[in-house]
Structures are given as C-alpha cells and as structure tokens.
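Participant: We have chain A already, so just place chain B on it with the hints.
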Amino acid sequence: MGQVSINENVMDLTPDGPRLKGMRCRQCNNHVFPMQKGCPKCTSDDVEEVQLGTRGTLWAWTIQGFPPKAPPYLGETDPEKFKPYGVGYIELPGQLKIESRLTIADPTALKNGMEMEIVGETIGPDEEGNDLVTFAFAPVT
Amino acid sequence: MSDDVAIVGIGMHPFGRHEGVSGMEQGGVAVRKACSDAGIEWNDLQFAFGGSVAAGQPDHMVSQMGLSGLQFINVVNGCATGGSALISAYNTIKSGAFDLGVAVGFDKHERGAFRVQTGRQGERDWYGGSGMALTTQFFGMKINRYMEEYGITQDSLARVASKAFRNGSMNENAWRRQAFSEEEVLQSQMLSYPLTQYMFCSPGEGGVALILARADQAHEYTDRPIFLKSAVVRSRRYGSFEVLAPSLALDYTDGPTVDASRAAFEAAGVGPEDIDVAQLQDTESGAEVMHMAENGFCEHGEQEEILARGETEINGKLPVNTDGGCLANGEPVGASGLRQVYENVLQLRGGAGRRQVPDEPKVAYTHVYGAPGISGVTILST
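For the record, the sequence lines run as chains A and B. So that you can map any letter, position 111 of the first sequence is 111 in this note's numbering, and since no number is skipped, the others follow by simple counting. So that you can map any letter, position 70 of the second sequence is 70 in this note's numbering, and since no number is skipped, the others follow by simple counting.
One chain only, chain B, in its complex shape:
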C-alpha cells in the first residue's frame, strides 16, 4: 500500500533574492520546470495544492499557468506549509480521487528576521512590543540549554554552518554559495547568544514544485520514479518547548519532531538506520544538531563526536543537508519543505552532480520544523 504514490517530476526556481520577480512567478517557474521534467503539460494536471505564507494566494497562479479548470486548493500551515501541500497531494492520490497532480510552494519575505505580530484588535501588542516574539530567541534559548545539558560546544555549531555553506557552494540553486570557515562563522556578529549571524538562515525567496502520480502509472512520465513512502505532519503536545510561546508548562515532553519522525518511520516500515541521506530543518546550526537526535539518528549528546568525525558530510555515514539546507538556501516558508524533497529526489536519482552522495542512496528523509510548534517529515525511496 505504501508504494502507491510516486514523484515523477521536480522543478525549482533558485532561492535567494529576486528583485522584480513575485513569489508567485517563482512558483510558476517551478511548476513549468516540474511539468517539463515529467514530460507533461499544465493541462494534464488534474489537481494542485499550493502553499505560500507571504506571497499571495497560490491558486491565482492559474491565470498565468492556464485556465484548465483543475481542482486547486491553497494550503497555509506555518513553517510546514510546503510539506502540508505535499501531504495533501499524497493523500489525494492515495485516496484514488485523482491520478496526477502537483504540490507547489513559493514565498517572498522581507529582509531580516521574521516580523511576528500577535496583538489582538484594539489592544497593544505587548508580546512583540516588549521585545519578545522573535523566532531567533527561541532557537538561541533552546540550543543554549541543550548545550549545557548535553555537552555540545560552539565548535559543533560552527561545523554545521561551515558544512552548509560548503554544500551550498556546489548548488546552483542555493542563495549563499560562498564557503565560510568555522573561524569565520564563529567570528560573525552574535545575534542571539550562543548563535552568530552565519549560524542563522535568513527568510528569503524561491519556489519548488513536485509532480505526483499513481505509482503504477509512474513509468509513463519518467524512467526514474521516486516513491513517497510516508508524509506526516504533527503539531505540539502539552509540555513541549516551542517557538513563540509566552509561557510553557512545568511538565516537559518531546516536541512534534519526535512524534512526526516516529509516525513517518512506522508508516514507511523503515528505521533511522535505513536512511542514506537526510535533509533536517536547520533554521540555525543548533537546530540541525538537536534535530539529528529528535529524528532518531543518534542519542542526545552524541552529535559532538559525530560532527567532529565528519559523519554528516556528503561522503559521510549519514549526509545531512546536502544542498546547503536553510542556512545556504534561506527560508521561503512555503517552499522550504519542498526544497528538501526536491534535493532528495535528485540524490535518489543520482542527479545531484558535484554534491551527489556516493554509493547510490536508496532511502531519503526530510524534516521541517517551525512556528507555532509543527513538524513535517517525509521518507522517499527508489
């Protein structure tokens, strides 16, 4: 049953800053490339799920793509927006409702940290007004506590960032393509202790589209279909430590990443040891470190050794964020989760060029995390 949805086409508009190009136009470019990759026309698509948080209603795209009358549903789900569009497309095909469709995500954010406004109508916004409500603060607090608890050092944070920019330098679609040494990462401006500027990703722009088809029809479109074994989104439970929370419970429990990861592994019938390449949410370096353990790839605290041994490099035991992750690509929220899947499809097809993971990877993993405490995981296989 789990083999019945395939990804048969992928398309991406480069991430970064694109003056004069709307977010939706970037989404449109991604869709055209994905259709071309699958050898189909826009008019062949029976349905679409579109995700964007800050760049307009995705279904308006039909006026530039073609008024074919297809079912087009918009998805907005925080940082899991792209992943949720994908899950919706996956379930649509699994249900038997349609055979061929697209999941598209795009975005275009203003420069600098995300502006979060939580004021109620007619009331002063005390939360952001007081200088809280910054996602960067959450990541600083979480990794700061984690480092103390599990003995992770700033060197590990620098290693993660340096790896991201090195991988990004081999990715023509990445925003940041200049490699930085660990020393340069450590010496950049301290933004939210213990995290420096080059340890953080930036909100950005970009678009990604994936064409999905029934697995038994996949070979009509491609000779290298990649199968979506599971796609899961989970929200937070009582007691978890989440971004943008004016208060937390005294109880402490695992966050939505742990829940989404377990459910995705179970649905796919594989375990962490089966994964050949992983794209993990790296809003900042510390997030990648913590998410390695939260997704089941190691125990808490083991990351220090794993990173020092280079095991998450492209030629390592478990390559992580081979396309440079959020750190090198930036985070257009609607597209970010789909970018991870795009990269894994490339890797599983053997088409990732200079950053190709060696020895023909067969099973790949993606993970997004974000506001307001939501995680999305996918598992792909050849």
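Pulled out of the complex, with its shape left as it was, chain A reads as follows:
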C-alpha cells in the first residue's frame, strides 16, 4: 500500500510533493488549471502542458465548516468525525491563482498575502487501500 495521486491527469505525486499540471498558451502566456485545449484569454488553441509553481501568496480564503456531500467528496463525511478545513486561492507568480485546500482551518491564522507552499494531503483510501493524495497549501515556515 502506498500513496497515489487523486488524478494523474492534473497532479503528479513526486518525492518532493505534489506537482500540478496546468495549461500555458504559447501565444499569450496565459495559464489555466487544469490542462485544457484552448486559451480563454486570446482564444488560441496553441497551448502546452506545464508544471505549475509550488509557492505563492494567499489571495482569498474561507473555512469549510460542514462535511461536503459524497459523491463527489472522497474525504470524511461523518459529521462526528469531520474536521473543518481551509479553502483558498493562492497567487502563483507569473502563472495564475490556484484554488486549493489549506492545511490551516483557523481564521485567526490566515491572512491574505501570506506565503504558502504546496504539500500533499491524504483524503482517504482508494479502492485498493492506497492513500489517495490531493494537494493543499501550507504556510511557509
């Protein structure tokens, strides 16, 4: 039993942590996550897949205070065991703002502009008992 990416089309799991796969437009340098076939900024289809940055600054945030519905949620949905988690947008310089889980769920510890970096977060087991890992952002320590 090991760790597996929640979806290899959007995220590779490397020894250094998750790496996200985005779209870059060769015509206008616009970025989008996840990968798609056309650029919504300049309308070109001359696009390529690139790895997104791993560090950025917090741009907006909230705290998920109730268990999401399953499906689609793959994490804990039992209200007794559910633990709130942060959700926010992190500005990745020169690329885009990525929506992500945050490792912090305390409103007094989150502030727009704070430095964050990507980390792996286990959501639950997959069908074969592996740890299903998604991405989250944590404050840079």
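Simulated from the structure, these hints should not be mistaken for laboratory data. Note that the Cβ used here is the ideal one computed from N, Cα and C, for glycine as well. There could be a bad hint or two in this list.
[Said to hold, decoys possible] Estimated spans, in silico, between C-beta atoms of each pair:
# : chain 1 : residue 1 : chain 2 : residue 2 : range
1 : A       : 19        : B       : 110       : 33 to 39 Å
2 : B       : 96        : A       : 94        : 50 to 56 Å
3 : A       : 82        : B       : 110       : 39 to 45 Å
4 : A       : 37        : B       : 358       : 51 to 57 Å
5 : A       : 109       : B       : 153       : 18 to 24 Å
6 : A       : 115       : B       : 251       : 18 to 24 Å
[Claimed, not checked] To give an idea of the interface, some chain B residues facing chain A are shown, with a C-beta separation under 8 Å as derived from the structure:
#  : residue
7  : 112
8  : 115
9  : 191
10 : 248
Facilitator: Then chain B, alone, in the frame of chain A:
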C-alpha cells in the same frame, strides 16, 4: 421600441419543501394561476419557454396542461435558467413571431448544499473529491476578501439576513417565514467563514410563471400591464472571480453582474437612481451586499452605512429583496429569477400587501447570479 412587451399575468407555486409534489406539478400550478390572472386559457398560449435544472424537461408539462400543439422550448442555463426563459419569451414577442406566451420556471432540489460533480468519464473527480466544488466556498471567499478590502463588517451581513427573514414573514409564498434577530443570525452555525447558516439560502422547490403579450394588446388581458423595459444575460469575461473555478487569472476584471447591469440600464434608458425597488441575488448575505455595488446602486464600501441607516428596508430609499429574497424563499434554480420578476410585478401593481413599497413604485430591477459565472438582469416599469 422598448415598450413593446408587457407582463399581463403572474402565477406562483409557494416556495419551500413540498413532499409528494413534483417540480413540474409546481410549475403547472404556477402556469394555471398565471393564466387565470391574465384571464386566458392554456389553449390561448401560442408559445412557452420552460426552465428547470433538476426537475425534468419542462415541455413534458403539456401532457398535464393540454396538448394544444404550441411551440414549447426548454431552457437550461445554470442559475440564470428562469431569467433566460424570460429573455427568450421577450425576444419572441419583440421579433413579432408570436403575440402571447408564457415563461415558466420550476425546480426541486435535494436538501443541503448543491452537489456539484465535475469528473470526466473514466476519471476520478479530483475537484469535488478533494473537498472543493462547493458554491458556498466561493461566496465565503468572495465576501471575506471584500470585507477586508472595503471595510464591511459581519454586522452588515447579519442585517441583510435579518431583513430577509422579516420580509419573508410578510410573504405567504415564502419558505422561511420566521423573523430572526441579527444576534440569532450571527450565532447560528459557521458554515463557510465568515458566513453562518442563517446567512445562506438553501436549495429548495417552487414554480413561477409569467404571461407575456404585445404591449399594444396588453389591455385585453389586464388593466395593470407591467412593461418589460429590458432583459439581459451576460456570461463571464477573462479575469473575473467566479464560482466553481479551479483557477483564476492573475488579471482582475469586473464580473458578469456589472456587464449585465450596464447593458440592461442602457437598453431601458434609465439609471440606478430611477429604480424604486430591487430584487438582488442573495445566495447569502454577502452576495446582496456586493451586488448592491456591482449593479450600480452604490460605491464599493458604502453598503456598511446604507445598511446601518436601513435604506434597503421596505420603507427605505431603495428597498431590496422585499419578498425575502433567496434567503427566505430558498433557491429552486429554474424558478428563482422569475420569482424576483413576480415580486416586482406585484410591487408595481401595488398588490404586495403588507410588504408593499410605499409611494407607488414605478421602475423595478431584478438581478440573478450563479454558476458558472452568469448574471441576468431585468428592468420593469408601470
């Protein structure tokens, strides 16, 4: 040219939870009431546009309403589904194709937050699977950032919710008819910081129908026709901050509400200062606050003072969400935008009873916003 479509009949099935009544049956009740209001029969209708997101194909309604052979077109357009049915009906009459028709919207959603599934076939749904893809999160993030940027406090959010339930308590068609104090709103469960349970609307059930006619024939059906001066839907542009977006551009631009609002004012030939009553999308309290500015009724940040002075109350300078809005009515997506128009027709006719806006309002405004970044605006006048 802009006076050539009139609303001559309105009907509504109460919003809320209706065990054993399908969404389509609720739509049917709304249509029968609207026909009765206009003094017509189903068989008089030449066309219909029907909207529903989760309660079946609207045109199947003909089997319970009457197999008259009319042109019936289904509309599905996210949270602007009802508004899009109305725009389609409006344009059909403006074009001269038909003289008399109905726009109907209904829905019936499961309890709790909207379930959004975005997985591609054969792939794991990483977005919802990871605990994102909740519309509630977007609203929490947007207002949280907005409050920091423009100095809006949680008291304002509580004022908006408390007003909604107070107005809802005077509306026999509303789902939530119990008034809550600002304190009770603030102390309810924190769902998506800084928004508490009573600051959020819930997906629900209901149906609304509007009968539209050529303006020059309107008096055949009613002595109080209300004129549809403009009806506009806009989708998002590059750089706007929208619901259910796994990524956003680094650039920042206004959202579709600003675009739809400007276009609607321009088409109607009026401005925000001319509006006597407004129904603004209040998926949660913060949305109403932000939408006051995005629709041009104030500058960003002025809402704090405006709300503290009670200017959006029924007897205030610009009454907002006089029927209790989404907060008190819930959000059956297909019907929600039409509910706003229904309320404005009542207000302009002077028939809103205990929640009637004083001094004979003459121009009224509606606004919906929702997934995936779409806004619809209408302007009505007497």
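Participant: All hints, please: hold or fail.
Facilitator: Tested hints:
no. : hint                         : verdict
1   : 19/A with 110/B: 33 to 39 Å  : holds, 36 Å
2   : 96/B with 94/A: 50 to 56 Å   : holds, 53 Å
3   : 82/A with 110/B: 39 to 45 Å  : violated, 19 Å
4   : 37/A with 358/B: 51 to 57 Å  : holds, 56 Å
5   : 109/A with 153/B: 18 to 24 Å : holds, 21 Å
6   : 115/A with 251/B: 18 to 24 Å : holds, 22 Å
7   : 112                          : holds, 6 Å
8   : 115                          : holds, 5 Å
9   : 191                          : holds, 5 Å
10  : 248                          : holds, 4 Å
Figure legend: structure checked against the earlier numbered hints; the only hint not met is number 3.
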